[in-house]
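Visitor: Sequence:
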Amino acid sequence: MSHWNIAAAQYGGLHQTVDDHVTHHLRFIAEAARQRCDLLVFPELSLTGSGAPTLPPPPDDAQLEPLLNAAHLHQITVIAGLPLEQNGQRQKGLVLFSPARHRILRYPQGRGASLVPGDKHLSILDTHPDSPNLDPRATLVTSCQSVGDNRWRQSISNLQRFAHKYAIAVLMANACGGSALWDEKGQLVVRADKGELLVTGTLGGEGWQGDIIPLG
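Counting from 1, position 74 in the sequence shown corresponds to residue 74 in the working numbering; the numbering is continuous, with no gaps.
Wrong hints could be hidden among the right ones.
[Claimed, not checked] Subject to a maximum C-alpha distance of 20 Å in a straight line, what follows is the list of computed DMTMM-like cross-link-like pairs (lysine to aspartate or glutamate):
no., residue 1, residue 2
1, Lys194, Glu44
2, Lys185, Asp211
3, Lys92, Asp60
4, Lys165, Asp183
5, Lys185, Asp135
6, Lys92, Glu44
7, Lys92, Asp126
8, Lys194, Asp149
9, Lys120, Glu65
10, Lys120, Asp61
[To be verified] The following label-pair restraints were derived from C-beta to C-beta distances:
no., residue 1, residue 2, range
11, Ala52, Thr23, 14 to 22 Å
12, Glu65, Asp149, 35 to 43 Å
13, Ala62, Asp149, 31 to 39 Å
14, Ala62, Glu206, 40 to 48 Å
15, Lys120, Leu215, 25 to 33 Å
16, Gly148, Ala30, 22 to 30 Å
17, Ala30, Asn150, 31 to 39 Å
18, Gly148, Glu206, 29 to 37 Å
19, Lys165, Leu26, 33 to 41 Å
Note that these hints are calculated values from the structure, not bench results.
As the structure is a computational prediction, the values presented were derived from the model and not from experiment.
Note that beta-carbon positions come from the ideal geometry of N, C-alpha and C, so glycine has one too.
Between the sequences and the hints, there should be enough to build the whole structure, so can you do that?
Guide: Below you can see the structure in the form of structure tokens.
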């Protein structure tokens, strides 16, 4: 792949229903498609909201089908955040909508996910800091977050060190602002301020180039 276009959705939707979150996600997907993105990453628990003291029930596949349809229509891979339920326990998770698949894939959130351009699945990073289970073929690690200023500062420090240590680009989508992209040397490529927008990155012959796209 000569170019790989990616984006983090700085999405802070405060909706009460999954259907409203899905509709809002579709606006971001349409804008990412206009920017010719191959991958769009949403923040933590983006499909249900992250402000509740307990995790809500996971959405079912029928509620999420419009997002899978949009992934197929625009030929864009989408990662969003939602709760998972396993063995009667709820945990934070990720959902993958791939234009190459006809079903939705769900994963535990872990420390993030690693991706290989064109692959049809995610590899979830282990929570152990010294053995992240990083796919050696991966070109990018994604981190879905919903953190305020204090935790955000710690997160960006950790992600920058991770990018440098493992020589891999890192894309963070944060609901509260400050979404960012680091290259494989741990150098900051682009970082947003506040507001609903896309943080985009393009990998080409000269490395990563970034931009900020306000949501129209």
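Visitor: A separate judgement is required for each hint: does it hold in the structure or not?
Guide: Hints, one by one, checked against the model:
Using a Cα cut-off of 20 Å, the hinted pair Lys194 and Glu44 holds, with the two alpha carbons roughly 16 Å apart. For the given pair, Lys185 sits about 19 Å from Asp211 by alpha-carbon distance, which is consistent with the 20 Å threshold. About 15 Å separates the Cα atoms of Lys92 and Asp60, which keeps this hinted pair within 20 Å; it holds. Taking the CA atoms of Lys165 and Asp183, the gap is about 11 Å. The hint holds against a cut of 20 Å.
Taking the CA atoms of Lys185 and Asp135, the gap is near 18 Å; set against the 20 Å cutoff, the hint holds. With a C-alpha separation of about 8 Å, the suggested pair Lys92 and Glu44 falls inside the 20 Å cut-off, and the hint holds. Of the supplied pair hints, the one linking Lys92 and Asp126 holds, its CA atoms being roughly 14 Å apart against a limit of 20 Å. Using a Cα cut-off of 20 Å, the hinted pair Lys194 and Asp149 holds, with the two alpha carbons roughly 11 Å apart.
This hinted pair checks out: Lys120 and Glu65 have alpha carbons roughly 17 Å apart, not beyond 20 Å. Straight-line distance between C-alpha atoms of Lys120 and Asp61 comes to about 18 Å, which keeps the hinted pair within the 20 Å bound. Between Ala52 and Thr23 the beta carbon distance is about 20 Å. The supplied range of 14 to 22 Å therefore holds. The hint said 35 to 43 Å for the Cβ distance between Glu65 and Asp149, and at roughly 36 Å that hint holds.
Our hint of 31 to 39 Å for Ala62 and Asp149 holds, since their Cβ atoms are close to 38 Å apart. One distance hint, 40 to 48 Å for the beta-carbon pair Ala62 and Glu206, holds here, with the actual separation near 44 Å. Between Lys120 and Leu215 the beta carbons are some 28 Å apart, a value that agrees with the proposed interval 25 to 33 Å. Distance hint check for Gly148 and Ala30: the Cβ-Cβ separation is about 29 Å, which falls inside the suggested range of 22 to 30 Å.
A hinted range of 31 to 39 Å holds for the C-beta pair Ala30 and Asn150, which are about 34 Å apart. Separated by about 35 Å at the C-beta atoms, Gly148 and Glu206 satisfy the suggested range of 29 to 37 Å. Distance hint check for Lys165 and Leu26: the Cβ-Cβ separation is about 36 Å, which falls inside the suggested range of 33 to 41 Å.
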